[in-house]
Amino acid sequence: MSEILELSVAELMPDTTAVLENQGVPAGTTVSEQIEDLYYVACRLLAETATPVGVLSEISNSDFAHVYSGEGRNELRTPVGDMFERADHLALFAVTLGERPGHEIGSLFESNDFALACMLDSTASLAADRAAAVTERQFSEVLQTTGRTTPATGVLRYSPGYCGWHISGQKKLFEFLRPEQIGLTLRESFLMEPLKSVSGVIVAGHRDIHNFPISYNCCSDCDTRSCRRRLRTLFAG
Amino acid sequence: MDLLAEIANGVINGDDERIARMTRKVIDQGTSPKTILDDGLIAGMNVVGERFKAHTIFLPDVLLAAKAMYAGLDLLKPLLIEQGFPPMGRVVIGSVRGDLHDIGKNLVSIMLKGAGFEIIDLGNDVPPETMVESAVRNEATVIGMSALLTTTMPVMGQVVEMLSQKGLTGKIRTIVGGAPVSSEFAREIGADAYGFDAANAVDRVKSLFNVV
Numbered sequence: 001m002s003e004i005l006e007l008s009v010a011e012l013m014p015d016t017t018a019v020l021e022n023q024g025v026p027a028g029t030t031v032s033e034q035i036e037d038l039y040y041v042a043c044r045l046l047a048e049t050a051t052p053v054g055v056l057s058e059i060s061n062s063d064f065a066h067v068y069s070g071e072g073r074n075e076l077r078t079p080v081g082d083m084f085e086r087a088d089h090l091a092l093f094a095v096t097l098g099e100r101p102g103h104e105i106g107s108l109f110e111s112n113d114f115a116l117a118c119m120l121d122s123t124a125s126l127a128a129d130r131a132a133a134v135t136e137r138q139f140s141e142v143l144q145t146t147g148r149t150t151p152a153t154g155v156l157r158y159s160p161g162y163c164g165w166h167i168s169g170q171k172k173l174f175e176f177l178r179p180e181q182i183g184l185t186l187r188e189s190f191l192m193e194p195l196k197s198v199s200g201v202i203v204a205g206h207r208d209i210h211n212f213p214i215s216y217n218c219c220s221d222c223d224t225r226s227c228r229r230r231l232r233t234l235f236a237g
Numbered sequence: 001m002d003l004l005a006e007i008a009n010g011v012i013n014g015d016d017e018r019i020a021r022m023t024r025k026v027i028d029q030g031t032s033p034k035t036i037l038d039d040g041l042i043a044g045m046n047v048v049g050e051r052f053k054a055h056t057i058f059l060p061d062v063l064l065a066a067k068a069m070y071a072g073l074d075l076l077k078p079l080l081i082e083q084g085f086p087p088m089g090r091v092v093i094g095s096v097r098g099d100l101h102d103i104g105k106n107l108v109s110i111m112l113k114g115a116g117f118e119i120i121d122l123g124n125d126v127p128p129e130t131m132v133e134s135a136v137r138n139e140a141t142v143i144g145m146s147a148l149l150t151t152t153m154p155v156m157g158q159v160v161e162m163l164s165q166k167g168l169t170g171k172i173r174t175i176v177g178g179a180p181v182s183s184e185f186a187r188e189i190g191a192d193a194y195g196f197d198a199a200n201a202v203d204r205v206k207s208l209f210n211v212v
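Chain order of the listed sequences is G and S. For what it's worth, the numbering used here labels the leading residue of the first sequence as 1, then goes sequentially. For what it's worth, the numbering used here labels the leading residue of the second sequence as 1, then goes sequentially.
If you're looking for bench data, these hints aren't it; they were derived computationally from the structure. Don't take each hint at face value.
For the chain S half of the interface with chain G, some residues (derived, Cβ under 7 Å), not all of them [unchecked claim]: (1) ASN9; (2) PHE58; (3) LEU59; (4) PRO60; (5) LEU63; (6) LEU64; (7) LYS67; (8) ILE110; (9) ALA179; (10) PRO180.
Taking CB as the label site, the calculated pair distances span [said to hold, decoys possible]: (11) S:GLU50 - G:ALA18: 23 to 31 Å; (12) G:GLU71 - S:GLU133: 21 to 29 Å; (13) G:VAL41 - S:GLY123: 22 to 30 Å; (14) S:THR169 - G:THR17: 43 to 51 Å; (15) G:ASP223 - S:LYS53: 37 to 45 Å; (16) G:HIS206 - S:PRO87: 55 to 63 Å; (17) S:GLN165 - G:PRO151: 52 to 60 Å; (18) G:LYS171 - S:GLY123: 18 to 26 Å; (19) G:GLU85 - S:HIS55: 56 to 64 Å; (20) S:GLU118 - G:THR17: 33 to 41 Å.
Just so it is clear, CB atoms sit at the ideal spot from N, CA and C, and this is done for glycine as well.
So here's chain G without its partners, still in its complex pose (with noise of 0.2 Å):
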């Protein structure tokens, strides 16, 4: 059975400098007041626009198994179908931001105010991933409560589109987890609109199993490795 997520925008608003880096300014770079001012404004406007809202469903191994098959279009080897037998507890996930920010977005670019409208899809971008880590911790913390994680469980989410696992596995996804409830709608390319939104899956399980190499077909054209850093938080300490 799934679950609505109320999320609140004030604990989803990423700080200046992930913001900055989302637009490949590099940390510690100081930029003018002009960009300063733009990045407190994106906020406001991203404030007034988000309606922050998910849905989570926890879900079985086995059927797990028949989403992440999807259209039959993953690459042979890739993490998630490696880890997820081997996880405790799984759960889907989507979470919007709805649809006005885009709509405030496009608005900007029209009115050719670029700056502030990339501002706005960064700090849209990041506070979207930041209402799927919010997510995440919450299913984190509800096995935690009810006694179905050890000290060696680790919590990590993964999505459709990336690391080999095609973005067409949105399609079984949506069919198990049924995020329209929440507003969300698939587009024949399996894009979601609104378009500030994640889906994937929480998988739970000895922190080992999320420690894949970086060997996979899909690792070579990967050139963030972004699941490194995300790794990291699970063994640092």
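Got chain G; can you put chain S on it based on the hints?
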């Protein structure tokens, strides 16, 4: 400093209100719109492009400059059309089907406009057939494609293939870019060019149009 140099400087500093004022002033003084465009707005944007390439400024600075440039360009555009100055070339651009990431694509689009090209921006999640149809319909000679997801990169190859099937190879050229895209990948799918970043993409498009 002459007025055109001041306009260029205004673009560099992202001062859109000043640019609109100055452009209006030089138009009223009778300066040719093409001169204002080339020696004022584009000259300023070229400096911005060089600084961006050298990593002394970053995306938000470029976008502020672009807004300033458009403040002037909006005033010049009707005059340029009236006086029959064609754009340097027409480019169809978009993030490929399945990909919603468009920061890089938007930047290339903005910088190409700043360099004097006419851009038909199809947005994100663009099917290959739409890219090709739009290029044919709008008589564009370059298609620019962007992808951030490794899973959407193959769509770029589909566009190249579609052009080949329609006998348009060489008539409509292709340039690809995006974080996971490489020159090897561009070669592999038969794309005509690869831009490793927005500034480089502008240079590569210029070379496709034989503009130095």
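Each hint, compared with the structure:
no., hint, result
1, ASN9, "15 Å, violated"
2, PHE58, "4 Å, holds"
3, LEU59, "4 Å, holds"
4, PRO60, "5 Å, holds"
5, LEU63, "4 Å, holds"
6, LEU64, "5 Å, holds"
7, LYS67, "5 Å, holds"
8, ILE110, "6 Å, holds"
9, ALA179, "6 Å, holds"
10, PRO180, "4 Å, holds"
11, S:GLU50 - G:ALA18: 23 to 31 Å, "28 Å, holds"
12, G:GLU71 - S:GLU133: 21 to 29 Å, "26 Å, holds"
13, G:VAL41 - S:GLY123: 22 to 30 Å, "23 Å, holds"
14, S:THR169 - G:THR17: 43 to 51 Å, "45 Å, holds"
15, G:ASP223 - S:LYS53: 37 to 45 Å, "19 Å, violated"
16, G:HIS206 - S:PRO87: 55 to 63 Å, "59 Å, holds"
17, S:GLN165 - G:PRO151: 52 to 60 Å, "59 Å, holds"
18, G:LYS171 - S:GLY123: 18 to 26 Å, "22 Å, holds"
19, G:GLU85 - S:HIS55: 56 to 64 Å, "45 Å, violated"
20, S:GLU118 - G:THR17: 33 to 41 Å, "37 Å, holds"
Of the numbered hints listed earlier, those contradicted by the structure are 1, 15 and 19.
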